[in-house]
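S.K.: Here is what each chain is made of, one letter per residue.
There are 2 protein chains.
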Amino acid sequence: MARTGRRPGATRTREEILRAARLDFAEKGYDGASVRGIARRAGVDPALVHHYFGTKDQVFVAAMEIPYDPGELLERIMLDPEHDPAEAVVRTFLRVWDDEHGRAPFVALLRSAMTSERAADVLRGFMTDVLARQIAPKIGVEPLRAGLIASQLFGMVLVRSVIRAEPLASADPEQVVAHYAPAVRLVMGERR
Amino acid sequence: MARTGRRPGATRTREEILRAARLDFAEKGYDGASVRGIARRAGVDPALVHHYFGTKDQVFVAAMEIPYDPGELLERIMLDPEHDPAEAVVRTFLRVWDDEHGRAPFVALLRSAMTSERAADVLRGFMTDVLARQIAPKIGVEPLRAGLIASQLFGMVLVRSVIRAEPLASADPEQVVAHYAPAVRLVMGERR
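Those sequence lines, one after another, are chains A and B. Numbering follows the UniProt record's numbering, with no gaps: position 187 of the first sequence is 187. Numbering follows the UniProt record's numbering, with no gaps: position 82 of the second sequence is 82.
FYI, nobody ran anything at the bench for these hints, they're computed from the structure. Any given hint could be a false lead.
For each label pair, taking beta carbons as the anchor points, the in silico distance ranges come out as [said to hold, decoys possible]:
1) Val61(A) with Asp172(B): 31 to 39 angstroms
2) Ala10(A) with Glu16(B): 53 to 61 angstroms
3) Arg40(A) with Arg118(B): 18 to 26 angstroms
4) Gln58(A) with Arg36(B): 24 to 32 angstroms
Calculated from the model, a selection of chain B residues having no Cβ within reach of chain A, i.e. all distances over 12 angstroms [what the hints assert, rightly or not]:
5) Arg36
6) Pro46
7) His51
8) Glu75
9) Arg76
10) Glu82
11) Ala88
12) Met114
13) Phe126
14) Gly140
15) Glu142
16) Ser170
Virtual Cβ for every residue (Gly too), placed ideally from N, Cα, C.
Let's have the full structure, built from the sequences with the hints guiding it.
M.R.: And the structure:
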């Protein structure tokens with residue numbers, strides 16, 4: 001039944017390397033992370049990381065491939081008639097970022113974008129091309145307003161989960177939703 | 001009239017080193033910046049940087065000493081009866097961050113806080129101890145709400161000036177104020 005040339009356990013090893021890479025990029029940023037450090041964290045030989053993914057740059061791209069499409073998730077939330085979109089988007093952001101593994105690829109990207117032009121390009125590209133040009137019109141929000149909503153959400157998780165400033169870092173998620181969702185709704189404006 | 005032992009021009013040289021340090025930390029973050037790189041940018045010998053400031057850590061602390069007190073500025077803005085505080089705070093943030101030299105110490109701190117625990121401590125300390133515990137009560141804003149306003153402001157400058165995602169990066173400042181200040185006002189809540 002073996003349809004591929006992969007050794008048993010190869011998929012699991014790849015996944016473990018990617019998981020280690022997300023944590024390493026999240027903690028150290030693009031410049032600080034290394035194939036050696038990722039290999040150590042995954043408990044494998046650095047040669048295996050090179051074998052599966054190639055260079056650090058290629059590991060980065062593979063690790064940033066989030067297991068779901070954030071744009072699609074955002075569209076689904078915004079167009080769900082059952083829930084208030086502002087509350088749902090704040091709640092979803094908090095749920096993803098309050099979980100160490102959930103936030104790892106995003107922290108990695110944000111942290112890397114702060115110190116590496118290569119990573120900043122990835123994030124800028126997503127926000128400019130995907131969020132503002134593709135998603136915003138679909139959900140009926142002006143592009144500038146979509147950018148300002150992204151500002152609110154990124155700022156919230158930056159202060160809560162990356163800088164970990166109190167009292168926001170320890171605040172109950174539903175209390176954060178109650179205080180913040182109305183402001184997100186206001187920036188959203190009249191949806192067309 | 002020489003009251004100190006400093007050579008003529010020493011103050012100017014110190015200022016040039018600090019200015020170079022702010023740009024270097026802003027571009028590369030704490031871990032990426034170096035005394036050698038700062039010296040090169042300032043056009044001086046690395047020994048002079050060590051002579052004036054000591055280690056990289058000490059250069060960082062000196063460079064982060066922003067030439068005014070951000071807490072005091074914030075208090076003055078919030079308590080000024082002539083202007084709407086939400087509009088004034090958004091406008092001031094944009095003015096400081098739209099200027100390359102104005103934003104340099106803050107970008108340096110934010111970028112460094114993303115990759116260095118030492119720098120994250122500085123920012124976390126400011127937000128938890130100064131903003132939430134000292135400033136928030138003085139301006140009559142609940143600490144959690146103050147943290148969420150900081151989230152909105154940090155997020156805005158992060159997306160506009162660090163990630164530089166469009167259309168926010170090129171938007172007219174007054175248009176940003178018009179869209180964003182009402183949301184800041186809403187998070188501020190009823191001031192006591």
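S.K.: With d taken as the least Cβ-Cβ distance between Glu82(B) and chain A, does d exceed 12 angstroms?
M.R.: 24 angstroms, holds
S.K.: Taking the minimum C-beta separation from Glu142(B) to chain A, is that value above 12 angstroms?
M.R.: 9 angstroms, violated
S.K.: According to the definition I'm using, a residue is off the interface if its beta carbon is farther than 12 angstroms from all beta carbons of the partner; does Ala88(B) meet that for chain A?
M.R.: 17 angstroms, holds
S.K.: Quick one: are Gln58(A) and Arg36(B) within 24 to 32 angstroms, going by C-beta?
M.R.: 30 angstroms, holds
S.K.: Once the closest CB in chain A is found, is it more than 12 angstroms from Arg36(B)?
M.R.: 17 angstroms, holds
S.K.: Grab the minimum beta-carbon distance between Glu75(B) and chain A and tell me whether it stays above 12 angstroms.
M.R.: With a cut-off of 12 angstroms, Glu75(B) remains clear of chain A, as the shortest Cβ separation is near 18 angstroms.
S.K.: Could you say whether the range 53 to 61 angstroms given as a hint is met by the Cβ separation of Ala10(A) and Glu16(B)?
M.R.: 56 angstroms, holds
S.K.: Is the nearest Cβ of chain A still more than 12 angstroms from the Cβ of Gly140(B)?
M.R.: 16 angstroms, holds
S.K.: Report holds if the minimum CB distance from Pro46(B) to chain A is greater than 12 angstroms, and violated otherwise.
M.R.: Non-interface label stands for Pro46(B): nearest chain A Cβ at 21 angstroms, farther than 12 angstroms.
S.K.: May I ask you to check that Met114(B) keeps its beta-carbon over 12 angstroms from the closest beta-carbon of chain A?
M.R.: 5 angstroms, violated
S.K.: Once the closest CB in chain A is found, is it more than 12 angstroms from Ser170(B)?
M.R.: 10 angstroms, violated
S.K.: Phe126(B) clear of chain A by more than 12 angstroms, beta carbon to beta carbon?
M.R.: The claim is violated: Phe126(B) sits with its nearest Cβ about 8 angstroms from chain A, within 12 angstroms.
Taken one by one, the earlier hints fail for this structure at numbers 12, 13, 15 and 16, listed in ascending order.
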